[in-house]
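Undergrad: Protein sequence lines, in the order shown, are assigned to chains A and B. In terms of this note's numbering, the first sequence is residues 12 to 379. In terms of this note's numbering, the second sequence is residues 4 to 484.
Derived by calculation from the structure, the hints in this document are not laboratory data. Any given hint could be a false lead.
Said to hold, decoys possible - Now the in silico label distances, taken between C-beta atoms and shown as ranges: (1) Tyr226(A) / Thr389(B): 23 to 33 Å; (2) Thr389(B) / Ile61(A): 29 to 39 Å; (3) Tyr226(A) / Arg167(B): 53 to 63 Å; (4) Gly60(A) / Lys313(B): 46 to 56 Å; (5) Arg178(B) / Ile205(A): 24 to 34 Å; (6) Ala180(B) / Ile371(A): 52 to 62 Å; (7) Asp132(B) / Val164(A): 37 to 47 Å; (8) Ser211(A) / Glu334(B): 27 to 37 Å; (9) Thr349(A) / Ala89(B): 29 to 39 Å; (10) Thr91(A) / Asp132(B): 49 to 59 Å; (11) Glu219(A) / Gly105(B): 35 to 45 Å; (12) Ile61(A) / Asp193(B): 51 to 61 Å.
Unchecked claim - Example chain A residues on the side facing chain B (calculated, C-beta under 8 Å, incomplete): (13) Glu31; (14) Gly66; (15) Glu69; (16) Ser71; (17) Arg96; (18) Glu219.
Ideal placement from N, C-alpha and C gives every residue a C-beta, glycine not left out.
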Amino acid sequence: MGLRSIKGKGIQVAQGADVETIVGTYRSSSRRKVFGMLFFLLLIMLASGIAMGIGSYEISFTGVYSMIWEHLTHWSDGFTSVDMRVVWEQRLPRLLFAIISGAGLAATGAAMQSMLKNPLADSYTTGISSGASFGATLAITMGITVGGFVGNVGIVTNAFLFSLIPSAVILGLSVMKKASPSTMILAGISVMYIFNALTSYMMLVADEQSMSAAYEWTMGSLNKASWNTMPIMFGVTAVGSALIFYMSRYLNAMNAGDDFAKTLGVNVQRIRVVLLAIISIVAASIVSFTGIIGFVGLVGPHMARIVIGSDNKYLVPASMLTGATIMVVCDIIAKAFTHVAIPIGIVTSLIGGPVFLILILRQRKEVW
Amino acid sequence: MEKSHLIAIVAAIIVIVVIAAAAIMLTNGGNDDKKDNGGNTPPATPTTINSPSEYTEARLWVIGNADGNELLDENDVEVIQSIIDAKGSAAKYPMADANIDGAIDSKDIDHVRGLINGSQKTINYYNADGDKSTYHYTEKVNAISLHRCVSRSIILVTNADSDRYKLVGSDPHIREAEFNAANDYPDLVDVGAAGNPEIEQIRNLENRYGSVVVNLGNVATYTNTAGLETIFASDPNVQIVRLETWEGHSTEGILTWGFLFGGVGYKSPAQGGNGLSSWDQALKYVKYVDKYEGVIVDEVAKVKESDKPKVLALYCEGAWPNNSSNKTRGEGSGDMEMSVLCGANNIYQRFGNGSVSYTPEDLAAHARDADYIFSMSGGMFDGDSTLAKRAVDVFVDKANGYITPKTTIYSVSWQLNGAPHPVQAVVFGKIINPDSAPIQKLSVEQCWEEYRGLMGWSDRPEMAYSNLAIWYGPSHTTSSA
């Protein structure tokens, strides 16, 4: 007796199986997905617990949680000790920054991979990282900012606005020329080269302090985490991820191919434009605060796909959990082994590369 | 044991003893019988020779400066002679091997005497990387300077005589307000980035002036200039000179530049010189440095290590218009070295070696016992004191609650790095040593005005002390919790 698979669901049932068997298999598969997500959720809770206890300022592991509880229960007293201030102003925002940025990058990465039907795509495929890098470098080395803002505000504003330019170019191509996914990827790469060239020139002529600061920005960091910057990043990521989740059925259709999606009544070009815009804004809002953190958007969805499969209804939230977990674990590594915290972008690339290789080698072809 | 074996062992011992005795005779026996050319018995071998064992222990880095002070004179000849008499090696007395042939002999004495009387035009010196380099004396110096700190040093030594010494090219830093390039150097050519100058521009200047000297710092900082020496190796009209400015030995760098440009065959005003040599300028600068830093060094030497105040210098994000770094100023920054010179116990290493990033949590972990924190600022020569004030205000805001109110916070202008070393030393010195009467008597304004005179800026009212923003403070955080 042969097997047939229910397309896109990763479910295999024996040929000629009765309805009850099919339904039972489907329910079992759904339970597996839910348990998988619960597992990722537990993982991130465990990682968060460990991350909060690590830092240069010595606070006991239990002391960290007592500080959190004490401040929550005595909110009006403000910060009554340095320990409390370090936990609430430094560690907790940093943890939440890691979770939000990881979740956002992975959600947008999952959407890009499904939309472009390309396992190597992530939110940076549209050239967002190079645009953001250009904008930040322009602010740091030349002092040129949109709106005339100075300091960190200028850098963030520049990074955000310039990161949208590559996406705008690709969106324009998509609208005017009805570009295919491969054309969009190639356009993103060409825009990336242009911005990288300009960024390199600015670094070349900059003084050593500015060049060092600009280079450090490109490596990605959670050091700018604060309660002031959190609302913007959280708001945009939450809304954007919710919209991506809402459009998951379109992603499922597009993942099966443009022609197949059209037969289901999906306006592929329009959906692609809308999704690109959402992905660009979410990724830009993250990159402008954290700098360039690679591999999370690429590896997170693949890790989720191994357990969850390719159904975007589950894959998008699962990717958010795996992406957040990757970021928190990398932050633990960044802080734990050296005297000075390594920029997290370096750690994600160092870890992400081999992990991605393993995932590729062990990948279940039927989930892609 | 067999008889034949015993004879063999005894014979081997005898051979070894004979060889050892011969070796001793050959290495030591000659001295007792050596006579000099005049047939007289040479003087007794001196037990100590006062010559630096490393070039950084010397003031002037010209090789041949065997006594390590700031002059090249007959005293150096005497020291070299002492080393020859003691059969000292170039490895042990590197500053005595004036012709850098690996041996210390009469040729080195001839070389030094040639530099003194002007007959020797080849000057060997140690550069900013600690490498032995060679400079060929030229009557006219057409200088190209790369980076603001180098520009300050070159302008200082070439300020002596504008006919002999001319600044002809620079990197874009020369356009900063400090240098007044548009008025003072209207023909100056932009040769490109300090770390990556354009070879064609250098060649253009060579063609225009006949010869140029490219001045910059160490290879590690000027990362893309490592090949310059190779590119111009066969071109005697382009010389590459790397000497220290902010890297840590700015006085030695300026002194050596002064000698390279104008020290060969030097005659002081008392000897009939016109006092306009770059060497005159450099010697004046050294006197100026010693007048202020000598006081500070002497006073600091009296303070026990355990009594020295704990100090940290750092950059603070937001304190600069564009810089987004929160970094300590550690070893190699110049600021760390300056604070130690002025009597501080600098605690940068608690954060990590070198200049490293820090967060408010790191301040809470490592700097709660700091006596002073210096938030480095810029803008000293832009006439904008808001940057100096901002450097303090932004840091106070960031550090509030993480360091204690006992820590005193100042901003000190980062632009002070480089040539005006004594000015920063006086600023740091007065802050770090509040109980030292001699240091408190030093005047920052006076120190700056003397430097302004040496730089030839006396006719520039915007460079008066009252228009600058060298430092700001004291300030304190308001909360330690």
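Undergrad: Please flag the earlier hints that this structure goes against, numbers listed from lowest up.
TA: 2, 3, 4, 9, 13 and 16
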